[in-house]
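Could you build the full structure based on these sequences and the hints that come with them?
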Amino acid sequence: MRILETQEVTRAFGGVVAVNQVNFNVEKGLVNGLIGPNGAGKTTLFNQITGMDVPTSGKIMFDGKDITGLPAWKISRLGIARTFQNIRLYNDLTVVENVMMGLHSKVGADPFHGRFIQAVKSYFQAGKENRELYVRALEWLDFFDLSHLKDEYARNLPYGNQRELEIARALAADPKILFLDEPAAGMNPAETAHLMKIIEMIRDKGITVVLIEHDMKLVMNICDNITVLSFGQKIAEGTPEEIRSNPLVIEAYLGKEDEE
Amino acid sequence: MTTLIQYLQYLLNGITLGAIYALIALGYTMVYGILKFINFAHGDILMVGAYAGLFIFTFLLGESTNAAWMLIAFFIAMLLSMAFCALLGMFIERVAYKPLRNANRLAPLLSAIGVSFILSNGAAWLFGAQSRRFPYPFDDTPISIAGLAITPHQILTVLVSVIMMVVLTVFVNKTRMGKAMRATSLDQSTSELMGIDVNKVISLTFAIGSALAAVGGILAAFDFRVYASMGTMTGLKAFVAAVIGGIGNIQGAMLGGLLLGILESIGAPLFGIPSALRDTIAFAALIIILLVKPDGILGKNEREKV
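One line per chain: the protein sequences are A and B, in this order. Per numbering that gives the first Met the number 0, the very first residue in the first sequence carries number 0; after that it's consecutive. Per numbering that gives the first Met the number 0, the very first residue in the second sequence carries number 0; after that it's consecutive.
Since the hints were derived computationally from the structure, they do not count as laboratory data. Take these hints with a grain of salt, some might be off.
Stated by the list, open to error - Quick list of in silico lysine to any residue cross-link-like pairs, SDA-like style, CA-CA up to 20 Å:
#1 B/Lys173 - A/Arg154
#2 B/Lys178 - A/Arg130
#3 B/Lys299 - A/Tyr133
#4 A/Lys73 - B/Asp186
#5 B/Lys178 - A/Asp150
#6 B/Lys178 - A/Val218
#7 A/Lys73 - B/Lys299
#8 A/Lys73 - B/Leu86
#9 B/Lys173 - A/Asp52
#10 B/Lys178 - A/Thr93
#11 B/Lys299 - A/Val134
#12 A/Lys58 - A/Leu69
#13 B/Lys97 - A/Pro70
#14 B/Lys299 - A/Arg135
#15 B/Lys173 - A/Arg130
#16 B/Lys199 - B/Ala82
#17 B/Lys178 - A/Glu96
#18 B/Lys299 - A/Glu151
#19 B/Lys299 - A/Asp52
#20 B/Lys173 - A/Arg1
#21 B/Lys173 - A/Asn155
#22 B/Lys173 - A/Lys58
#23 A/Lys58 - A/Arg1
#24 B/Lys97 - A/Arg154
#25 B/Lys178 - A/Arg135
#26 B/Lys173 - A/Arg135
#27 B/Lys97 - B/Leu86
#28 B/Lys178 - A/Arg1
#29 B/Lys178 - A/Glu131
#30 A/Lys73 - B/Lys178
Said to hold, decoys possible - Reference listing, derived: stretches of chain B covered by chain A, where coverage requires no fewer than 3 residues with Cβ under 8 Å from a Cβ of chain A:
#31 193–199
#32 240–252
Unchecked claim - Computed spacing ranges between beta-carbons, pair by pair:
#33 A/Met60 - B/Leu290: 56 to 66 Å
#34 A/Asn37 - B/Thr279: 56 to 66 Å
#35 A/Asn37 - B/Phe282: 32 to 42 Å
#36 B/Ile286 - A/Ser56: 51 to 61 Å
#37 B/Leu105 - A/Gln20: 51 to 61 Å
#38 B/Arg104 - A/Lys175: 33 to 43 Å
#39 B/Pro268 - A/Asp91: 41 to 51 Å
All values derive from a computational prediction rather than experimental measurement. Built from N, CA and C at the ideal position, the CB exists for glycine as well.
This is the structure we're talking about:
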């Protein structure tokens, strides 16, 4: 079942068309891969979907709703979470506080739209609410084996752990879809293997995963289906086996053989 | 000869003045904390607050000389003036700053200076150039305690400022909205991904800062009267106070305001500075702090990471 699809989404920066009429389909409960050479428009497409940027044209449908052009905070509240190629944590907060921030949108009413009575109530229960958040944040840290680092500042964590923390924080918001932008970048083989396990665990929790990744071993091993972008256009879509043998994909990555 | 009692008196006056600076400095520092932008129109908001407070107060008072009603009317006027300035602050942000949020950093700064001119010249045009006295809501005969003369309006000033600062501290640290505000000041785009409506947080920041400026304006009006350009020097000094305390830091603004008030009050007699040059103290303090600890007393040293 399709949980999210982009319909003819285009994003042009002046004369450069970074994403060109892309129909990208995300299947529910699966790990969906999005690959392509550098500059293919993968991150740009992520940005359109997560509300960091607005498409020049086209539509983005999520769970039957049109979410094109909604601000990022609304999209996040609808259940779409993401991580970044360059990690974006609250560096000056501790590990557990970062995860608590992820829980922010989930617990209690929207701080601005809640009813007045609720706002007053939540004020008097702030201490209790914080304790609850803390306990739940620790559960997420347990899931990632990060509990022993809970009081460390995020900026002091090793790179691999920072990536895991970013994923933990995204998951804390209880998303329906998790977008991972090159999660294995800069990881050593042991860390990548651990990441692969984590992604499988996330999928087994019933959360749909969308993965941008250059590590082909990871992609081919873990993705249920793969979409390939090249120069802003979708050139292929299918299972890992189909993608592996697709001549267009090979050409995009390795270039065309010169014909004598 | 200046005696200890006299210095204690200066200290007392300094605390009162410092409380006012602190209230106004909070607006500068909160906006800077979130937008990294200095709202140069903030000083003129305090002028608008003082005018609004004055007009509402005299309107409510009418011919009445009832002591209790005078005090009640004063607080009603203060609350209404706060509400008015909060709306004005949000309106200014929406119209003059928000459209420039992604522009060059200089653009909103210039826009703020423009807004500042519009407000102060608009007030001069509407209300005339003469200054007005802000009537005391009570008999302001000084009370003598151990040789110190304390006026009731000084007590009111310190009391109101302390209440405002306690409420603000609780709000920022304990409520979900306060948490959203702190998160936004740490990292705007990440906070948006956490489901925080950053535009609302920014509006709220302007509303709170402007409401506090309204209180500061009314309290300052007791000593400095109400006039169209009253916000310029007081606003500038509150800004200096925010920088001294560490701009972007709420506790820093409170501390910086208090220190600057005390320094101005005690510094003149202590260093033998003629009272006409009293204003130079604040700016000398600014230069010194910028040379010695550019991030301010409570500011964190944030170097760009490579």
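key: Broken hints, by number   = Those not satisfied are hints 1, 3, 6, 7, 8, 9, 11, 14, 19, 20, 21, 22, 24, 28, 32, 35 and 37.
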